[in-house]
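My request is simple: use the sequences and hints to build the entire structure.
Next come the chains, spelled out residue by residue.
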Amino acid sequence: MRNIWTIAEKEFKSIFHNAIAYVFGVVMFLSLGIYFMILLQYGMQTQTYVPDMRVLLDWVLFPIFFFGVPVLTMRSISDENRTGTLELILTAPVRDAELIIGKWLGIFLFFLCSLALTLLYPILLNFLVEPGIDFSALSAVYIGLILAVGAMTAVGVLISALFKNPIASLLASLGAILLMWIIASPASNTTGFLSDLLKYLSLPEHYYGSFYYGSVSLSSVIFFISLTVFALFLGARVIESRRWK
Amino acid sequence: MIKVENLTKYYGQNCAVKELTFHAEKGEVLGFLGPNGAGKTTTMRILTGYIPPTSGKVTIGGYDVIDQSLEVRRIVGYLPESVPLYPDMRVNEYLRYMGKLHQVDRLDERVAEVIEKVNIADRAHSFISKLSKGMRQRVGLAQALIHDPEVLILDEPTIGLDPAQIIEVRKLIEEIGKEKTVLLSTHILSEAQQICDRVLIINRGQLVAEDTPEALQKRLTGTQKVTVHLAGDPTPAIEILRGLANVLRVEINDQNRIVLESSGETDIRPKVIASLTAANLEILEVYAETASLEEIFLQLVQEEETERQAQPELEGALQAEAHSSKEQSEQGGENHA
Chain A
1 MRNIWTIAEK EFKSIFHNAI AYVFGVVMFL SLGIYFMILL QYGMQTQTYV PDMRVLLDWV
61 LFPIFFFGVP VLTMRSISDE NRTGTLELIL TAPVRDAELI IGKWLGIFLF FLCSLALTLL
121 YPILLNFLVE PGIDFSALSA VYIGLILAVG AMTAVGVLIS ALFKNPIASL LASLGAILLM
181 WIIASPASNT TGFLSDLLKY LSLPEHYYGS FYYGSVSLSS VIFFISLTVF ALFLGARVIE
241 SRRWK
Chain B
1001 MIKVENLTKY YGQNCAVKEL TFHAEKGEVL GFLGPNGAGK TTTMRILTGY IPPTSGKVTI
1061 GGYDVIDQSL EVRRIVGYLP ESVPLYPDMR VNEYLRYMGK LHQVDRLDER VAEVIEKVNI
1121 ADRAHSFISK LSKGMRQRVG LAQALIHDPE VLILDEPTIG LDPAQIIEVR KLIEEIGKEK
1181 TVLLSTHILS EAQQICDRVL IINRGQLVAE DTPEALQKRL TGTQKVTVHL AGDPTPAIEI
1241 LRGLANVLRV EINDQNRIVL ESSGETDIRP KVIASLTAAN LEILEVYAET ASLEEIFLQL
1301 VQEEETERQA QPELEGALQA EAHSSKEQSE QGGENHA
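Residue numbers (the working numbering), protein chains in the order written: chain A, 1 to 245; chain B, 1001 to 1337.
Don't read these hints as lab results, they were simulated from the structure. Treat the hints with care, since some could be wrong.
Claimed, not checked - Subject to a maximum C-alpha distance of 30 Å in a straight line, what follows is the list of computed DSS-like cross-link-like pairs (lysine-lysine): (1) K1178(B) x K1100(B); (2) K1117(B) x K1057(B); (3) K1130(B) x K1117(B); (4) K1100(B) x K13(A); (5) K1100(B) x K164(A); (6) K13(A) x K1271(B); (7) K1133(B) x K164(A); (8) K1133(B) x K1171(B); (9) K1117(B) x K1026(B); (10) K164(A) x K1130(B); (11) K1225(B) x K1180(B); (12) K1100(B) x K1133(B); (13) K1225(B) x K1271(B); (14) K1003(B) x K1026(B); (15) K164(A) x K1018(B); (16) K1100(B) x K1117(B); (17) K13(A) x K1133(B); (18) K1003(B) x K1117(B); (19) K1026(B) x K1057(B); (20) K1225(B) x K1178(B); (21) K13(A) x K1180(B); (22) K1100(B) x K1180(B); (23) K1180(B) x K1003(B); (24) K1100(B) x K1026(B).
Below is the structure:
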């Protein structure tokens, strides 16, 4: 456990060592701020529209995480593999699984922090609209976001373990996350086992199916957590695979 | 401390290490010598628990590297050949990180100790990306020492350094070797000669020779080579020297010096000097050349190669056998037919 935390801490700090954290922060707050302004202006013009936080999060946060997760995870394992530091870590008393969980946790913590900072906007909005906004519904949205980002990050770390080249890892993670978004679209007008399966595997089905409307469905929570655990488990196996070669 | 028995490692069908057996006692500096691709790095990776062997048994400090891998890693310090470091970390930060992964107690003190030991105190707060190759090598060594391991495994610890840095790193290893078991690989023979108590020469994954550097030298120098530098024209001396007992060959080299080779146990130099002085020739210099480890090494490797060429059928059969054990005997047979 101590190793997981050591690795997570180092990974978290290394996001700040590179400029990535600041670029990510600037892009996120700039786009959130612009869209927040647009929503407020629209609300003031129409006098009937109440700015909706969910729209803001939908329009801005999902695209940002869509690209942000692969960008932050792409180097996590692949760089260690390429530069050889993986050899050092795995010849220290560190288990393969501890490495991958630590890597995931470090990046996930960074995303959690940035998500926490976005709470600024709903708090601001709460002062601007009467009678304030529904925080309980909003917290379900945030739980959904957190779970989805956790699962996407795990997939990104898994893919990073597969490649030595960070760019290959970036493209593959982008592809994988895209796939998780659109996997249900061929099944949207059909029924049957296969279409149910595709829908079950799709991230938006779970997110818009429950969290978006203010409810936390247990099956969706389980889906996201098991996807995270499964991806990390596979990642540990990939690292271990050097032993069979 | 280190015990390796019949270690074999295949990468797919390529045999990297074959039936390697050796051991190292506590406090011994063991040199691992061989041309590039001889299997040195593979062996070290197996010893550190990074990859498992195909077959054979390796124990370090009594722990098995496969079954008790975590225990082995706790008592082994390892510096891979590429000296992997995190360029965006500071030296002390990096050492703290590695120390934490090794569950080092009193981390701050320990970091200060190793920084002192490898002599990088003035660069402790520098980013690793700003350090020279020699400095990085020291940081790598500090990392390998952070948990005060009983066994130190160093893969080519002086490669890519300038001569002054090489001397420093060697001194450091010699010092460390007083307390710890050190296994280091190198293809620079003088280095092995200088710092190792015992040398293992491997080629193509197999042990070719194992002895102290001195004994290896003795074993392969049956003849003595003496160079004579005369003040004047060396030609008249040739006949005189040819007349001496045990002299096999006398030549003049391109620097106008006489090179003579003699057989036998006794040193021929006194006789050479006496006979030349008797002939009134002015001697400037007489010295004996001992075969360097370099020559021994080449000789051993070449001997092995010739043996290999002399027994192509046996070799083919052996490989075919190896293939068949992997259920690909047909393919293997064709390859060597």
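Each hint, compared with the structure:
1. K1178(B) x K1100(B): holds, 26 Å
2. K1117(B) x K1057(B): violated, 34 Å
3. K1130(B) x K1117(B): Holds, because 21 Å separates the two Cα atoms, which is no more than 30 Å.
4. K1100(B) x K13(A): holds, 15 Å
5. K1100(B) x K164(A): Holds. K1100(B) to K164(A) sits at ~26 Å (cutoff 30 Å).
6. K13(A) x K1271(B): violated, 74 Å
7. K1133(B) x K164(A): Distance of about 24 Å is within 30 Å: holds.
8. K1133(B) x K1171(B): The given pair, whose Cα atoms are some 17 Å apart, holds under the 30 Å limit.
9. K1117(B) x K1026(B): Given that 30 Å is the threshold and the Cα spacing comes to 21 Å, the pair holds.
10. K164(A) x K1130(B): holds, 24 Å
11. K1225(B) x K1180(B): Violated: K1225(B) and K1180(B) sit about 38 Å apart, past 30 Å.
12. K1100(B) x K1133(B): Distance of about 25 Å is within 30 Å: holds.
13. K1225(B) x K1271(B): Cα-Cα ~14 Å, so holds.
14. K1003(B) x K1026(B): holds, 11 Å
15. K164(A) x K1018(B): The hint holds at about 29 Å.
16. K1100(B) x K1117(B): Measuring from Cα to Cα gives roughly 19 Å; hence the hint holds.
17. K13(A) x K1133(B): Within the cut-off at roughly 25 Å; holds.
18. K1003(B) x K1117(B): holds, 29 Å
19. K1026(B) x K1057(B): With a Cα-Cα distance of about 19 Å, the restraint between K1026(B) and K1057(B) holds, given a limit of 30 Å.
20. K1225(B) x K1178(B): violated, 35 Å
21. K13(A) x K1180(B): Not satisfied, since the Cα-Cα distance of roughly 35 Å exceeds 30 Å.
22. K1100(B) x K1180(B): holds, 22 Å
23. K1180(B) x K1003(B): At roughly 15 Å apart (the allowed maximum being 30 Å), K1003(B) and K1180(B) satisfy the hint.
24. K1100(B) x K1026(B): holds, 26 Å
When the structure is compared with the earlier hints, violations turn up for hints 2, 6, 11, 20, 21 and for no others.
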